[in-house]
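Here is how the chains run, residue by residue.
Protein chains: 2
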Amino acid sequence: MDKNKFSKPLPIDSINVTDNFWRNMMELVRNNVIPYQWEALNDRIEGAEPSYCMQNFKIAANMMEGEFKGFVFQDSDFAKWIEAVGFSLMWHKDENLEKTADEAIDIVCAAQQPDGYLDTYYIINGLDKRWTNLKDNHELYCLGHLIEGAVAYYQGTGKDKLLNATIKYVDYVDTIFGSEENKKHGYPGHEIIEMALIKLYKITDNEKYLKLAKYFIDERGRSPLYFEEEGLKHENKFWWEDSYFKYQYYQAGKPVREQHVAEGHAVRAVYLYSGMADVAKETNDDELLEACKRLWDNMTRKQMYITGGIGSSQYGEAFTYDYDLPNDTIYAETCASIGLVFFARRMLEITPKSEYADVMEKALYNGIISGMSLDGTKFFYVNPLEVVPEASLKDHLRAHVKPERQKWFGCACCPPNIARLLSSIGSYAYSLKENTIFMHLYMGGEISTNLSNNDIIFNVETEYPWNESINISLNMKEETNFELSLRIPEWCRKHTIKVNNQEVEYKVVDGYAYIARIWENDDKINIYFEMPVEIMTSNPNVRENVGKVAIMRGPIVYCLEEEDNGADLHRVYVSNNPEFTYKYEKDLLGGVVTIEGNGKFIKNQECDEYKLYKSKAEIKFEDKKFKWIPYYSWANRNPGEMLVWVKTAQI
Amino acid sequence: MDKNKFSKPLPIDSINVTDNFWRNMMELVRNNVIPYQWEALNDRIEGAEPSYCMQNFKIAANMMEGEFKGFVFQDSDFAKWIEAVGFSLMWHKDENLEKTADEAIDIVCAAQQPDGYLDTYYIINGLDKRWTNLKDNHELYCLGHLIEGAVAYYQGTGKDKLLNATIKYVDYVDTIFGSEENKKHGYPGHEIIEMALIKLYKITDNEKYLKLAKYFIDERGRSPLYFEEEGLKHENKFWWEDSYFKYQYYQAGKPVREQHVAEGHAVRAVYLYSGMADVAKETNDDELLEACKRLWDNMTRKQMYITGGIGSSQYGEAFTYDYDLPNDTIYAETCASIGLVFFARRMLEITPKSEYADVMEKALYNGIISGMSLDGTKFFYVNPLEVVPEASLKDHLRAHVKPERQKWFGCACCPPNIARLLSSIGSYAYSLKENTIFMHLYMGGEISTNLSNNDIIFNVETEYPWNESINISLNMKEETNFELSLRIPEWCRKHTIKVNNQEVEYKVVDGYAYIARIWENDDKINIYFEMPVEIMTSNPNVRENVGKVAIMRGPIVYCLEEEDNGADLHRVYVSNNPEFTYKYEKDLLGGVVTIEGNGKFIKNQECDEYKLYKSKAEIKFEDKKFKWIPYYSWANRNPGEMLVWVKTAQI
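Chains as they are written, first to last, in our numbering: chain V, 1 to 651; chain D, 1001 to 1651.
Everything labelled a hint here was simulated from the structure, so no lab data went into it. Being a predicted model, the structure only gives us computed values, none of them experimental. Don't take every hint at face value.
Claimed, not checked - No more than 30 Å apart at the CA atoms, straight line, and that leaves these computed lysine-lysine pairs for DSSO-like:
id: 1; chain 1: V; residue 1: Lys507; chain 2: D; residue 2: Lys1183
id: 2; chain 1: D; residue 1: Lys1008; chain 2: D; residue 2: Lys1161
id: 3; chain 1: V; residue 1: Lys402; chain 2: D; residue 2: Lys1254
id: 4; chain 1: V; residue 1: Lys254; chain 2: D; residue 2: Lys1614
id: 5; chain 1: D; residue 1: Lys1477; chain 2: D; residue 2: Lys1494
id: 6; chain 1: V; residue 1: Lys402; chain 2: D; residue 2: Lys1237
id: 7; chain 1: D; residue 1: Lys1620; chain 2: V; residue 2: Lys616
id: 8; chain 1: V; residue 1: Lys624; chain 2: D; residue 2: Lys1614
id: 9; chain 1: V; residue 1: Lys494; chain 2: D; residue 2: Lys1620
id: 10; chain 1: V; residue 1: Lys353; chain 2: V; residue 2: Lys8
id: 11; chain 1: V; residue 1: Lys93; chain 2: V; residue 2: Lys183
id: 12; chain 1: D; residue 1: Lys1402; chain 2: V; residue 2: Lys614
id: 13; chain 1: D; residue 1: Lys1614; chain 2: V; residue 2: Lys402
Unchecked claim - Chain D side only, calculated, beta carbon under 10 Å to chain V, not exhaustive:
id: 14; residue: Asp1510
id: 15; residue: Gly1511
id: 16; residue: Ala1513
id: 17; residue: Tyr1514
id: 18; residue: Val1546
id: 19; residue: Lys1614
id: 20; residue: Ala1649
Stated by the list, open to error - Computed beta-carbon distance windows for the label pairs:
id: 21; chain 1: D; residue 1: Glu1622; chain 2: V; residue 2: Phe621; range: 26 to 34 Å
id: 22; chain 1: D; residue 1: Lys1008; chain 2: V; residue 2: Leu393; range: 20 to 28 Å
id: 23; chain 1: D; residue 1: Glu1606; chain 2: V; residue 2: Lys8; range: 53 to 61 Å
id: 24; chain 1: V; residue 1: His495; chain 2: D; residue 2: Glu1622; range: 30 to 38 Å
id: 25; chain 1: V; residue 1: Lys603; chain 2: D; residue 2: Lys1586; range: 41 to 49 Å
id: 26; chain 1: V; residue 1: His260; chain 2: D; residue 2: Glu1618; range: 29 to 37 Å
id: 27; chain 1: V; residue 1: Gly591; chain 2: D; residue 2: Glu1622; range: 41 to 49 Å
id: 28; chain 1: V; residue 1: Asn467; chain 2: D; residue 2: Glu1622; range: 40 to 48 Å
Glycine included, every Cβ here is placed at the ideal spot set by N, Cα and C.
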């Protein structure tokens, strides 16, 4: 590994996303989610569970009287919000929002203790108890989010009050934890601080933070197990005693370099893996990178839904075992898919292989944005691939699978996580490595960058993911020698790339088309990715999907909804050789391409009423057309059934 | 309804079951289960959770010091045991067993209070607290079992010590509960006492017990709700506040006559329905019988597994909703199927329709005896139709689905329930109504009865359920005019009935062939029920089974086991037009008919290792023969996968 060979994401303020698809969601986040979230942090949402977040900071700052309320990790609500605010201000200045944020930062900083400590749960409940339950009490998790929020707000505004307070806190933490004998050998129960510290390292250039991140990663799971000793000393309950995964719930059952299979709490897992990739990259640690690759392979080849969902079990919000991907009792938390994108992006920076970007795209266009309603006001934690409202109501195993998005959550991780992701979405699309610019994702807009010492503007016009064309025009003062690297999506089996209407030569390496040439002002690049409707099958080891197919077009996974197709979707069969048509419906679900295809539906028979089981029964079908909508857009009309994996007679 | 038109079961001591199938199980119960159970009641089984049952009785009787231990319903362990003992002594005298039982009865009776009360939980913990939590504390449930045990032991031995003690207790209870203003308007949280009181009524002829049973049934679910008021008064926790079924967990959400759908805890439900059928019959209550019929129809037409399993959800051990019959996350408790047999038998006594006996047979030959290992030492609570050992280990939703039977349970309901059923199995096969003798089930053996004032012996020779022939010869002193009524099983599509080698005329009413004639000594009846291998399909409303088939032969449901067919049973497809052969294997699994049939198996492909989802994928099959074994006999070899509903290309 050569550290200088890694690509770096383009800064957010050099990317102006303007297409209908992402820009719309960014604006939803800016106009709805961020303001709503602020109201939520201040417990002003009627009918929603209170957050208590700002109240806790005020109490900790002696600005009001009261007890700590809410979850132990409630501080992170503010951190996630300020991060989204920071990102949002990078592409849309907003004085009022900045003023609100500055006032919030004043409150938060007022709670900071002289030694730098800043966690309201222990400030309010007694500082003598801090660091007594790293396993479950989320101090380092909250700090991790705080770092990410402080860095983003600093980058978005140039204001360093929160950043400096955070650095003070981190510097204090650095005196507490480490491999030195006089320090605690602890690490967080919920990871995130590892990758957050790398962000801090990058903007401060202070290697102390890299070292601390590396320490947290290397110490994790080592024998004797810190969590076990801490638990004995402080009589902490071990919640997962009876579970299969035990300390692997926290990815702490063994040293991270010895972990081969994605296990335990899915969000924790991908946050850890992201930090591992960061540290591997920054320290040229090939062994650690190998561990990342193994975990990536296991997760994406054996434990990932077609939507990019991960963590199939509600119990522990966790991974279960290879190929166990139930569609109905699923968990597939929105945050876990977001964490998967974090991990994918870091792997992609290390090695430009399209498989990383493919997974990133899969999650972004499907299992993540399914987490937010089209009007940006309601959210899914759980992203099912099969929903029967009666089952959600009457079957305990599916009680967590909601047929409708909810307004807000007491444990508000998913909505703010979507907010911080979407408000920085552009930064996932592009990266730079020396004189190569990578396009990992295709979104319409303008990118300004510098290649071979020339300023260049890329104008990307596209109706991706609905349309097969991406047209890029270049704007520069003088001709420039650089390499354009375009991801050929995994789903695309036929593509053309033209420069100034001529097919060009290029090499394809690891799924990227590399076009190196001397580019001129006003050069046009036309990319065509053929986007037929595709019938997808699952690996036959996935029990739930044998004999079933899913429908995709481009990166978009489709589903059937009761609204379009009636109830009893389990009776639907896709035809053996189905004919599909598709069209863009601009007034439907915010503008989507829908698909229509022929199939069969099991007819009702008279005997159905009084017979459960029959011998030599003939099953009668009627021909029927079915309408498919993008999976992410489901549950935006009347509540009803939804289905992704549909039976087929073609086996 | 005309009360005199009902059929009555033959007494157990007039039936000598001798066939290999049932006699073997009866002997297992007698030789293994009953002695083992006694050791368990006395906490002498190493490695098993203690029962504390006899210890509690001794403490309550001041024979030793100590606290009450175990579940509140632990007394019923004794009651179920003594019931099985009573039945067993009817067909196999055993002085030692009787002596042990008498000694146990002495201990139990010594615990009885002067007023008749006899529940060790409250005797030990304070009589002032009795009757304060009818909803959950099982006093009336324990009494119900005690009545059933006392009646059986009295019938089996003629000894009335336990019966008299029980009557004293019931008489006391009768002063506490009833519709009169000065009585508590309570009823049991766990039903059984209703049907138990009818047994007591029948042997005592005291209408008081019938009246009390009727009261418990009629009061149930009436407004204002007793459980709610009791809960408020005594601050009892309501465990099902957040459930869908709420008080219907106890079948107490509304009056029983207004209940249309089987809901809540499945064992409680079928015990209640059995009591309802008893009371409807004994009081000529057509309205109540209609309620029974509705509940029967709902349960058997919409909520029953092909094995006769009911109660699909572990949560609440309960029914969920119509057609929700998951095979893998299933509950289908052994006891619930036993309760279903109780209910079926009572419905059958009221109306001789084969559908009742068909369900009884289905449950007996499949979902009930699957609960016990072939050596009578290990037991299933849960009877899955699909098992993957890794899932039981790593998927929390299937943690209750065990791939191996367990030795004993702390909450020991299923093993003793199997014991009391099997040791009285003969009584489910035959009933009498005036001069008609019904054969509901076919088991080899000798039945002695009296028809038209003549003593008649029926010698039944059969290798049912393996063989298609049942041969009956009659033994009587003088010719007798009576009617023989033979159930034509639902699964049988071709049958012949011959008397003395001549085809005879008979009418078939509601699935029974009625042969009325003057019978002579040594008359021979030959019954032939064609038993081809049948391919069964499910009602298409059962989501889990669309596109799948199950294999039956006669009343036996078959399954695939990993032991015979390798792992990954979800990759198996039954061929479109499968050819099946079957053979009796006397040395396999205690002697079973196995089935072999052709099918297809999804081959491994190289890309499986690194691809989860593929477009335009061709699935490759290999032809393979599969071996099917009777479902009940699964999990008697090496632990592994098991599957009942198998995919088919034929849809």
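- Query: Are the Cα positions of Lys1620 of chain D and Lys616 of chain V separated by 30 Å at most?
  - Reply: holds, 27 Å
- Query: Are the Cα atoms of Lys254 of chain V and Lys1614 of chain D separated by 30 Å or less?
  - Reply: violated, 34 Å
- Holds or violated: is the Cβ of Tyr1514 of chain D closer than 10 Å to a Cβ in chain V? Interface hint status for Tyr1514 of chain D: violated (24 Å vs cutoff 10 Å).
- Query: Does Lys1237 of chain D lie within 30 Å of Lys402 of chain V when you go C-alpha to C-alpha?
  - Reply: holds, 27 Å
- Query: Taking only the CA atoms, is the gap from Lys507 of chain V to Lys1183 of chain D under or equal to 30 Å?
  - Reply: Since the Cα atoms of Lys507 of chain V and Lys1183 of chain D sit roughly 91 Å apart, the hinted pair is violated (cutoff 30 Å).
- Message: Check the hint pairing Lys93 of chain V with Lys183 of chain V against an upper bound of 30 Å on the C-alpha distance.
- Response: violated, 43 Å
- Message: Tell me if the straight-line CA distance from Lys402 of chain V to Lys1254 of chain D falls inside 30 Å.
- Response: holds, 28 Å
- Quick one: are Lys1008 of chain D and Leu393 of chain V within 20 to 28 Å, going by C-beta? Distance hint for Lys1008 of chain D, Leu393 of chain V is violated at roughly 44 Å.
- Message: Lys1402 of chain D and Lys614 of chain V were given as a pair; does the straight-line alpha-carbon distance stay at or below 30 Å?
- Response: Holds, at roughly 29 Å.
- Query: Is the hinted range of 53 to 61 Å satisfied by the C-beta distance from Glu1606 of chain D to Lys8 of chain V?
  - Reply: Cβ of Glu1606 of chain D to Cβ of Lys8 of chain V: about 36 Å, so the range 53 to 61 Å is violated.
- Can the suggested window of 26 to 34 Å be confirmed for the beta-carbon pair Glu1622 of chain D and Phe621 of chain V? holds, 28 Å
- Message: With the threshold set at 30 Å, check whether the alpha-carbon distance from Lys494 of chain V to Lys1620 of chain D stays at or below it.
- Response: Given that 30 Å is the threshold and the Cα spacing comes to 25 Å, the pair holds.
Hints 1, 4, 5, 11, 14, 15, 16, 17, 22 and 23 from the earlier list are contradicted by this structure; the remaining hints agree with it.
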